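Asks: Listed here are the chains, written in short residue letters.
Number of protein chains: 2
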Amino acid sequence: MEEIIAFNRGVPPAQSFPKEQLAESARRVILKEGDQILQYGSAMGYLPLREYIAAQFGVNSEQVIIGQGSLQLLDTYIKTSLQPGDDVFVEQPVYDRVLTLFKRGGINLSGFMLHNGSVSPEEIELSLHKGNIPKALYVIPDFQNPSGAEMPLETRRKLVSFARQYNFLLIEDSAYRRLRYDGQELPRLYDLDPEHVLHMSSFSKIISPGIRVGYMIGRKDVISTLSNYAENTYINTSYINQAIIIDFIQQGWINKHVDFLKTLYSERLEKALESLAHHMSGLATWLTPKGGFFIGLFLINGKSQPAAQTLKENGLMLVDGEQFFINGGRDFIRLPFASTTPEQIELGVKKLAALM
Amino acid sequence: MEEIIAFNRGVPPAQSFPKEQLAESARRVILKEGDQILQYGSAMGYLPLREYIAAQFGVNSEQVIIGQGSLQLLDTYIKTSLQPGDDVFVEQPVYDRVLTLFKRGGINLSGFMLHNGSVSPEEIELSLHKGNIPKALYVIPDFQNPSGAEMPLETRRKLVSFARQYNFLLIEDSAYRRLRYDGQELPRLYDLDPEHVLHMSSFSKIISPGIRVGYMIGRKDVISTLSNYAENTYINTSYINQAIIIDFIQQGWINKHVDFLKTLYSERLEKALESLAHHMSGLATWLTPKGGFFIGLFLINGKSQPAAQTLKENGLMLVDGEQFFINGGRDFIRLPFASTTPEQIELGVKKLAALM
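Top line first, the protein sequences correspond to chains E and R.
Reading the first sequence from the start, the letters are residues 1 to 356 in the working numbering.
Reading the second sequence from the start, the letters are residues 1 to 356 in the working numbering.
Worth flagging that the hints you see were computed from the coordinates, not collected in a lab.
Quantities reported herein were computed from a predicted structural model and do not represent experimental measurements.
There could be a bad hint or two in this list.
Intra- or inter-copy, both count: the list cannot distinguish identical chains.
[Unchecked claim] Capping the alpha-carbon separation at 30 Å, the derived lysine-lysine pairs in DSS-like fashion look like this:
1) K312 / K220
2) K256 / K32
3) K262 / K32
4) K351 / K79
5) K130 / K19
6) K32 / K19
7) K79 / K220
8) K135 / K103
9) K303 / K135
10) K103 / K220
11) K135 / K79
12) K262 / K19
13) K103 / K79
14) K303 / K351
15) K303 / K19
16) K312 / K351
17) K262 / K303
18) K19 / K220
19) K271 / K79
20) K256 / K103
21) K256 / K290
Use the sequences and the hints to build the structure in full.
Replies: What follows is the structure, given as structure tokens:
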């Protein structure tokens with residue numbers, strides 16, 4: 001049986017998990033902090049981890065809430081702060097799970113296409129001028145899922161100024177920010193205007209997704225609303241997991257581990273770009289991501305993503321491109337390069353090109 | 001500063017947590033199963049634990065879903081299977097957090113009073129006869145929170161026959177079932193009719209609440225609906241926590257640990273009953289619980305629960321009795337005996353009686 005190349009999985013590979021260190025942290029925190037972390041706790045999350053995150057952002061810990069991944073917190077935000085029929089703007093393509101959440105909440109979505117890796121501030125402004133003012137604009141400025149794009153500084157500034165002028169919330173999803181392989185860090189939207197930005201991120205991509213620790217940072221009133229709803233829904237998320245994360249950080253392991261990941265993933269990115277240049281020229285265009293997990297392929301010359309069955313028969317799996325769009329997406333392919341080996345990437349891209 | 005006696009906390013005491021064993025389990029499972037449990041997984045939960053639970057109930061693992069506590073799963077059930085305005089029956093008094101969830105879902109609640117520790121099947125039948133047929137009836141048959149009552153076998157049988165005849169769902173919350181200090185086990189509602197019962201329980205009261213592992217067992221279609229919604233909301237709950245639980249069980253530690261808890265809590269129950277007999281006779285009536293965490297005090301002679309401020313000034317804390325009722329409850333006090341020491345119980349009950 002031929003190996004299946006799972007280009008449908010936007011996840012870290014198992015070899016990236018710092019198992020020995022997490023095992024040591026888990027043992028230590030349960031022995032040392034067990035009285036607290038084995039008990040129920042505040043829905044806001046484990047205070048030492050909240051304080052660490054708060055310090056990173058220069059905010060008060062009351063502005064930080066921890067969830068079972070950041071997606072859950074976004075769902076809670078939608079349930080508590082948005083109403084069915086409310087308008088929300090998103091980039092297109094956009095992270096598919098978030099699209100599902102907004103749709104489930106009955107949100108009226110408008111998508112703004114990425115042009116050369118950025119939404120067009122002019123298009124957004126035009127919409128705002130026409131009185132189409134959203135409750136929120138959801139973006140992944142750093143190494144977007146699924147396109148790999150980095151939002152230019154000028155776009156960041158303009159979005160923040162729109163949010164201020166038209167009084168809507170920018171939801172900044174920052175899951176990949178620390179996985180930069182090239183170039184200089186740009187300011188977060190949150191850094192540009194903490195009042196109009198709800199920042200979400202997690203430890204899924206830099207430590208482990210299975211540990212399920214994500215967070216949101218925002219205005220105290222917004223965070224407090226999330227916390228009240230969370231308490232009534234699940235009391236609290238497990239402090240064990242959160243204590244493991246802060247112990248891992250306090251042991252001084254996080255920076256070295258992120259460096260290891262950057263080396264691992266940047267080699268894979270390089271290989272993916274090589275393979276694409278070799279096999280996909282004339283079939284698609286793509287940007288060179290400076291970080292993250294993904295390269296977005298925009299198919300050209302009327303090409304579209306092969307059918308799932310065809311892919312399967314050829315040992316390939318992809319997420320259906322349409323999943324990343326409100327409308328359209330048949331000409332889009334998300335190529336994840338982090339979860340597959342360089343050999344799988346080369347073989348997979350070659351096979352994919354042969355099917356186009 | 002006088003010690004506060006926290007009769008408001010229906011939680012296990014820290015001394016009940018098997019810290020050393022959980023620390024050992026955590027280390028072992030992360031080292032051994034890290035590749036899987038540190039990754040994303042199915043929203044149904046960690047298969048080895050689901051298979052263990054399924055075997056306990058003689059069902060297929062497709063009928064078992066694991067959540068971050070069982071409350072979260074109940075919330076998901078409400079969101080996916082009930083509509084605002086739907087009718088649900090509950091016992092009165094009833095677990096306050098569940099009342100909050102149903103109310104948040106816009107559910108139309110009818111409460112059936114506990115008489116001598118049981119809802120009256122006749123009252124329920126009368127309501128059904130009148131055409132008031134609920135979508136679900138939520139009960140805690142074993143050592144109810146907040147009353148401590150055990151549902152008699154005859155009532156269990158009748159509720160199941162009503163559910164069958166009128167085609168509604170019995171939601172059986174079984175969090176305290178394994179903490180029996182006296183008498184013989186009665187069949188679960190689930191044992192009496194698996195088709196009409198959704199069973200929920202957790203490891204919060206027998207291992208640790210902070211580990212946040214609860215589960216539901218039910219019909220495949222019901223569980224599958226929960227799983228789909230869960231995946232779209234938070235992808236999955238942490239397998240690390242679930243792997244720790246199944247390792248703890250596979251090490252053969254669970255039965256001995258439950259025995260330890262029974263000894264610890266039954267001594268506290270005995271002390272609480274002594275203190276009540278000594279201080280509260282003529283002020284309230286109560287049943288002798290055969291298990292669980294709570295004794296429900298039904299105040300008599302027009303007495304009502306002292307005001308929060310009065311309690312506080314006297315070093316006491318209680319949950320407001322009205323929290324456990326749809327209407328009424330000023331004459332009800334939930335006395336938790338598991339989380340406090342025998343000395344605190346005696347002192348607390350004495351103080352409470354002095355305020356009545």
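Asks: If a hint holds in the structure, say so; if it does not, say that too.
Replies: Okay, the hints, checked on the actual structure:
1. Taking the closest pair of Cα atoms, K312 and K220 come within 30 Å of each other only across two copies (28 Å); inside a single copy the shortest separation is 48 Å, beyond that limit.
2. In this assembly of identical chains, K256 and K32 lie within 30 Å of each other by CA distance both inside one copy and across copies; the values are 25 Å within and 23 Å between.
3. Within a single copy, K262 and K32 get their C-alpha atoms only as close as 32 Å, which misses the 30 Å cut-off; across copies the closest is 25 Å, which meets it.
4. Proximity of K351 to K79 under the C-alpha cut-off of 30 Å is found in neither arrangement, the shortest distances being 43 Å within a copy and 43 Å between copies.
5. Proximity of K130 to K19 under the C-alpha cut-off of 30 Å is found in neither arrangement, the shortest distances being 53 Å within a copy and 61 Å between copies.
6. In this homomeric assembly, K32 and K19 come within 30 Å of each other (Cα to Cα) both inside a single copy, at 20 Å, and across copies, at 9 Å.
7. Taking CA atoms no more than 30 Å apart as the test, K79 paired with K220 passes in both settings, with 17 Å inside one copy and 27 Å between copies.
8. In this assembly of identical chains, the alpha carbons of K135 and K103 lie at most 30 Å apart whether taken from the same copy (15 Å) or from different copies (27 Å).
9. In this homomeric assembly, K303 and K135 never come within 30 Å of each other (Cα to Cα): the closest approach is 36 Å inside a single copy and 51 Å across copies.
10. Taking the shortest Cα distances, K103 and K220 sit within 30 Å of each other both inside one copy (27 Å) and across copies (26 Å).
11. For the homomeric pair K135 and K79, the shortest alpha-carbon distances inside one copy (13 Å) and between copies (24 Å) are both at most 30 Å.
12. Taking identical chains as interchangeable, the C-alpha atoms of K262 and K19 lie at most 30 Å apart only when both belong to the same chain, with a minimum of 18 Å there against 36 Å between chains.
13. For the homomeric pair K103 and K79, the shortest alpha-carbon distances inside one copy (12 Å) and between copies (15 Å) are both at most 30 Å.
14. For the homomeric pair K303 and K351, the shortest alpha-carbon distance inside one copy (15 Å) is at most 30 Å, but the shortest distance between copies (79 Å) is not.
15. Within a single copy, K303 and K19 get their C-alpha atoms no closer than 42 Å, and across copies no closer than 58 Å, so neither meets the 30 Å cut-off.
16. With identical chains, the CA atoms of K312 and K351 are at most 30 Å apart within one copy only, with a shortest distance of 11 Å there and 72 Å across copies.
17. In the homo-oligomer, the alpha carbons of K262 and K303 never lie at most 30 Å apart, since the shortest distance is 33 Å inside one protomer and 67 Å across protomers.
18. For a Cα distance limit of 30 Å, the shortest separation of K19 from K220 qualifies neither inside one copy, at 35 Å, nor across copies, at 35 Å.
19. Proximity of K271 and K79 under a CA criterion of 30 Å is satisfied in neither setting, with 42 Å inside one chain copy and 45 Å between copies.
20. For the identical chains of this complex, K256 and K103 are neighbours neither inside a copy (39 Å) nor across copies (48 Å), given an alpha-carbon limit of 30 Å.
21. Taking the closest pair of Cα atoms, K256 and K290 come within 30 Å of each other only inside a single copy of the chain (19 Å); across copies the shortest separation is 55 Å, beyond that limit.
Of the numbered hints listed earlier, those contradicted by the structure are 4, 5, 9, 15, 17, 18, 19, 20.
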